[in-house]
Amino acid sequence: MPEALPSVAPLPGPAIDLQRLLIPDPARTVLLRVGGDSMVGAGIHHGDLVVVERHRPPRDGQLVVARLADGFTLKRLMRRDGHWLLVAAHPAYPTLALGEGELWGVVTHAISSFSP
Amino acid sequence: MSTALVLIDGNNFYASCEAVLDPAVVGKPLVVLSNNDGCIVSRSAEARALGIPMGAPVFQLRAELERHGVIVRSSNYSLYADMSQRLMATLETWVEELEIYSIDEAFGLLHRPAGTGDLTAWGEALRHQVRRQLGLPVAVGIATTKVLAKVANRLAKRDPRWRERGVFDFTAMTDPDPWLAATAIEDVWGIGRQLARWCRLRGIADARALRDMPAGELRRRAGVVGLRLQQELQGRRCLPLAAVPPAKRETCVSRSFSTPISTAAALKEAVATYLCRAAEKLRRQGQRAGSLTVFVRSSPFDGTAFYANAATTSLPLPSNDTAVLLATALPLAERLFRPHKPLRKAGVILQELSPITLLQHHLLVPQTPEQQQRREALMEVVDSLNRRYGSGTVQWAACGLAPAWRMRRGHLSRAATTRLSDVPVARA
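Heads up: the protein sequence lines correspond to chains A and B, in order.
Residue numbering for the first sequence follows my numbering, beginning at 1 and increasing consecutively.
Residue numbering for the second sequence follows my numbering, beginning at 1001 and increasing consecutively.
It cannot be assumed that every hint is accurate.
Stated by the list, open to error - The following residues of chain A were derived to be distant from chain B, with all beta-carbon distances above 12 Å:
no.: 1; residue: Arg20
no.: 2; residue: Leu49
no.: 3; residue: Gly61
no.: 4; residue: Gln62
no.: 5; residue: Met78
no.: 6; residue: Leu85
no.: 7; residue: Pro91
no.: 8; residue: Leu98
Unchecked claim - DEER-style ranges, computed between Cβ atoms:
no.: 9; chain 1: A; residue 1: Leu22; chain 2: B; residue 2: Arg1219; range: 29 to 39 Å
no.: 10; chain 1: A; residue 1: Pro57; chain 2: B; residue 2: Asp1422; range: 20 to 30 Å
no.: 11; chain 1: A; residue 1: Pro57; chain 2: B; residue 2: Trp1396; range: 44 to 54 Å
no.: 12; chain 1: A; residue 1: Pro57; chain 2: B; residue 2: Glu1096; range: 56 to 66 Å
no.: 13; chain 1: A; residue 1: Pro14; chain 2: B; residue 2: Gly1069; range: 45 to 55 Å
no.: 14; chain 1: A; residue 1: His55; chain 2: B; residue 2: Glu1096; range: 18 to 28 Å
no.: 15; chain 1: B; residue 1: Glu1066; chain 2: A; residue 2: Asp81; range: 44 to 54 Å
no.: 16; chain 1: B; residue 1: Tyr1077; chain 2: A; residue 2: Pro14; range: 27 to 37 Å
Unchecked claim - According to the in silico footprint, chain A covers these stretches of chain B (three or more CB under 8 Å from chain A):
no.: 17; stretch: 1019–1025
no.: 18; stretch: 1124–1138
Simulated from the structure, these hints should not be mistaken for lab results.
Where is the CB? At the ideal position from N, CA and C, for every residue including glycine.
Generate coordinates for the entire structure from the input sequences, incorporating the hints supplied.
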């Protein structure tokens, strides 16, 4: 009597690679940690990690990181009357002018963790 | 089709890396110190403008640095290595072939249909994009050979007429001679101090004079190497691009101690630490070592009789397993230790390297394939943890915890791109 053939499981397809999904261009991508709650209206919370792509030209309406004299800041970029503004997604926070600051990168993802 | 050779390198690379993820230091004078916070090895443009000299021992300059409010940083190798990888990965998209020459410079080969004009605009675009996307300033030298590309790069960086642009393109020059004449013989790539002196004695003071001197005379003094250098200056390509670096023949990790080591236990901790690092390098290079050397030396300056010694041993079977290598290295360290010779430096060299693809079975060292696979899997886990969370996350107990001899790095910035807990904050 022939031995029973081992059951053949279907071969797994290529796994979903989060790294490639979130960071397709690692050389020009930086992770930053969010500090503060001015962007909760955009779904970005204190303590989140954000993926910042530095090679994407920032456009009106996008979430961006700007480098200001005193540090990085995360806001929504808006163009009003020929000026670039950094707008919070929380009524208690003022709108900032980009001024001398540098548009540093575009936020493509925010990663929230719910377990310590 | 014409080809161009370009040399791209970072300006004040270490100092520039420090500013990439730290807005607080952008535009400020900053210096980076060598191992053990000894000398100044990199200066930001602002520190350079203050006249702070390169290579100066930092203790001689304390007052001056403080007066000018200069920011002082220890060498943050994990940050520089990561920025270097980002730079090289970006450059690869700009050229047909890339030869990574050092942590902050690379040669590139570029094919262009003949007559499509000079590459100055291309160089400027590259420079702009690297600056914008990585935050790193680079200089671009464009020519037809490596030696000329080096000269061009130097002009792009140093010559006041080109510094602003940061690009110098020999292929765009109708007459390269004045630029070669403006390059001192000592600044020609590959000309050592001895050869430069010899040239000077013959009235050969700059790159143009070297290019035009009698080849026979140069050959008698400097052999084929000198001749090749001359031909490269003439625009004849003799040094090909080494796109794939040759496999390393040995790997060495050594450091000076911040405080002298005078116990066998401390020496063993230091040797274990260097060995762990060397073994990790080996695994990254896909190699195994056939033999291993440990060396030690005292300080030549501290008044006691100088002591230097080394011991080598062959491994029964080529290995890159940290545990196996430790078991071989630690007895050597013990043997080299002398009670009344305080040591200032030690190191580990792994030799007779062979690629891991060469599997060898050995009758005298019984290790089943399963056992071997398990060891390899363990090493992989250790390496990936250390890569992800910073070196030293997982380490062998033999390395000791917070030892006193560890390299002094009192002004270390954060591992902002390689360690999760060091990621900078964006205020929201």
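Quiz prompt | Range hint 27 to 37 Å (beta carbons of B:Tyr1077 and A:Pro14) holds or violated | solution = Holds, since B:Tyr1077 and A:Pro14 (Cβ atoms, about 35 Å apart) stay within the stated range.
Practice problem: Please confirm whether A:Met78 is truly not at the interface, meaning its C-beta sits more than 12 Å away from all C-beta atoms of chain B. | Solution: holds, 16 Å
Self-check item: Coverage of the stretch 1124–1138 of chain B by chain A, judged on three or more residues with CB within 8 Å
Solution: It holds, with 5 qualifying residues against the three required.
Self-check item: Check on A:Gly61 being off the interface with chain B, judged by Cβ distance over 12 Å
Solution: Since the minimum Cβ distance to chain B is about 17 Å, A:Gly61 lies beyond 12 Å and the statement holds.
Quiz item: Is the hinted range of 44 to 54 Å satisfied by the C-beta distance from A:Pro57 to B:Trp1396?
Solution: holds, 48 Å
Practice problem: May I ask you to check that A:Leu85 keeps its beta-carbon over 12 Å from the closest beta-carbon of chain B? | Solution: Since the minimum Cβ distance to chain B is about 16 Å, A:Leu85 lies beyond 12 Å and the statement holds.
Self-check item: Given coverage of the stretch 1019–1025 of chain B by chain A, tested with a Cβ cutoff of 8 Å and a minimum of 3 residues
Solution: Since three or more residues must qualify, the claim that chain A covers the stretch 1019–1025 of chain B holds, with 3 doing so at under 8 Å.
Quiz item: Okay, B:Glu1066 versus A:Asp81 on CB: inside 44 to 54 Å?
Solution: Roughly 46 Å apart at Cβ, these two residues keep to the hinted range, so it holds.
Exercise. Grab the minimum beta-carbon distance between A:Leu49 and chain B and tell me whether it stays above 12 Å.
Key: violated, 7 Å
Quiz item: Any Cβ of chain B at or closer than 12 Å to A:Pro91, or is the non-interface label fine?
Solution: holds, 14 Å
Quiz item: Measuring from beta carbon to beta carbon, are A:Pro14 and B:Gly1069 in 45 to 55 Å?
Solution: Given range 45 to 55 Å: holds, Cβ gap about 54 Å.
Quiz item: Between A:Pro57 and B:Glu1096, does the C-beta distance stay in 56 to 66 Å?
Solution: Violated, at about 26 Å.
The structure fails to meet hints 2, 9, 12 from the earlier list, while all remaining hints are met.
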